[in-house]
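Using the sequences and the hints given, assemble the complete structure.
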Amino acid sequence: MFRIAVIISLAVSVCLFSGCRSRRGSQDDGVLGINTTLIGDSPLPGGDFASELTRITSVRFETVRFAYDSFKIAPSEIRKIEKVAAYMRANRTARLVAEGHCDERGSKEYNLSLGENRALAVRAYLVELGISSAHIQTKSYGEEQPADPGHNESAWRQNRRVEFALYR
Amino acid sequence: MKRLALTLIGLALVSAVSPAADIDIVKSGAGKSHIDLSAITASGKAGALFKSTLENDLKLSGWFTISAPGKGLLVARGSAAESGGRISASVSVTSRAGKRYVSERYGGSAENARRMAHQAADDIVEAVKGVKGIASTRIVMVGSRGTKKDLYVCDADGGNFMRVTRDDAVCLSPSWHPDGKSVAYTSYYQGSPHVYRISLEHKTRGRISAFPGLNAGASYSPDGARLALALSKDGNPEIYTMSPGGKNLKRLTVTRGASEASPVWAPDGRSIAYVSDRSGAPQVYVQSAAGGRDRRVSNIGRENVAPDWSRDGKLVWSSRRGGSYELVVLDPQKGREIQLTDDGFDYEDPSWAPDGRHIVCSRTGGYHSEVYLLDTLGDRPIRLTTISGEWYSPAWSPK
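Residue numbers (numbering that gives the first Met the number 0), protein chains in the order written: chain G, 0 to 167; chain U, 0 to 398.
One side only, chain G facing chain U, incomplete, derived with CB under 7 Å:
1. 47
2. 116
3. 119
4. 138
5. 143
6. 150
Read the hints as simulated data drawn from the structure, not as lab findings. Values in this document were obtained by computation on a predicted structure and should not be read as measured data. C-beta atoms are modelled at their ideal positions from N, C-alpha and C, and glycine is treated no differently.
Here it is, written out as structure tokens:
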């Protein structure tokens with residue numbers, strides 16, 4: 000029920016903000032896929048959780064995965080982010096850094112921006128789910144820290160991701 | 000083998016001209032001149048280093064072929080001698096017909112023999128060909144050895160290779176200040192991607208940009224008065240300019256839901272080229288540095304990234320063509336893209352030499368990356384990096 004409400008609110012937001020923008024390849028833009036057009040509405044909080052707070056490693060969240068050269072959140076990844084949102088709602092003092100990563104293909108500098116947009120897309124969705132934008136920071140590692148050092152499609156799939164680092 | 004798409008016809012011309020025509024031809028700047036260096040005497044280790052460095056520099060300039068003794072239209076005479084820890088050298092260049100192009104003396108500590116040879120090479124290139132040489136320039140790059148990533152710098156001939164940082168932290172995209180003495184780059188050594196300026200002269204480092212989120216891809220305007228970079232502080236990666244100290248911020252792009260990256264200035268400082276994926280894939284755009292409308296300049300290839308702008312106004316970038324990344328040169332005045340490379344390797348992160356002729360870039364094959372010098376007039380590519388490691392993101396110094 001909650002999920003449906005989110006979908007509706009997203010759809011409404013998209014109508015409000017997207018200005019009927021259409022992208023090529025839009026046939027696979029699900030309702031949830033285009034929530035990335037919301038990126039850009041919420042300035043990032045200052046400070047640096049990673050250096051100011053204590054890292055919590057006892058709680059682990061699932062890694063969110065992405066398609067090649069995309070920062071669109073796939074329907075398969077929604078539940079992972081909803082679990083993070085549920086934790087953040089229940090733990091008001093927790094702070095989160097969404098860490099964006101890319102596979103090794105493409106320019107390192109562009110990949111830094113792409114990784115940042117992946118992290119921002121996840122952050123935007125968490126904000127849509129009611130988490131305070133002041134509680135979520137983003138950090139892009141571009142292609143610099145692969146989870147799998149291999150050079151094949153399977154490694155690349157593992158490396159296009161957003162990981163969550165939790166702090167308090 | 001590289002496709003010599005930009006090869007000029009000059010190379011064949013030079014070897015065919017008669018001595019009587021030599022003066023006109025060598026002053027035209029087109030094609031190679033044959034020069035005989037055998038009349039430069041060298042003594043001591045530093046003297047020999049001076050001469051061998053000079054010879055290699057003249058070859059790397061792209062403007063000279065070293066002749067066999069007694070051959071060639073140009074003759075260099077002089078000496079390079081080491082004595083008591085010092086070197087003194089003199090070099091003059093004349094044509095066989097007797098025209099004197101240059102005559103200079105060089106002296107200093109023997110350990111500066113290479114630097115003096117670079118100066119002598121640049122003096123000869125400028126006197127004979129009427130263009131600025133590149134022998135005294137340097138190249139900064141990122142090196143990844145084991146798990147360590149750091150900045151390294153070397154001379155344009157690959158010599159004098161030195162490690163600049165000792166952070167063992169992710170670092171990216173070094174870019175020279177126009178003074179040729181310091182470099183802006185992105186480092187994670189304090190945890191987040193921030194932009195720093197590091198002085199190679201004084202070995203000091205200062206933080207320039209540390210906004211929340213991404214701070215990356217900094218590039219100095221030609222007069223050094225502004226810095227362009229990508230920041231995500233307002234919600235997604237956009238291009239901004241700022242003062243060199245990180246103040247007086249001005250936002251250039253407003254593209255909600257798209258990534259921008261890799262800004263670089265036009266030689267007149269009035270436009271900025273950058274990468275944006277607003278079309279659904281990364282492409283190269285040009286926009287006035289004062290803001291306003293942008294226009295897409297890359298038209299072929301699924302992805303076009305990492306542009307650089309030469310001093311004489313040509314853009315180069317890395318273009319995904321089929322399965323590989325190739326270098327493409329565009330003269331915005333003429334509007335036609337010319338593909339420089341086509342041999343199955345990936346060519347990325349190109350950076351122009353100040354001569355507007357040579358390009359330094361990374362070349363990756365079998366997931367191993369080295370830094371190469373390319374010549375847009377057709378000389379063979381030259382590998383710059385020789386020690387083990389992954390070498391990439393090179394930037395050629397402006398002087």
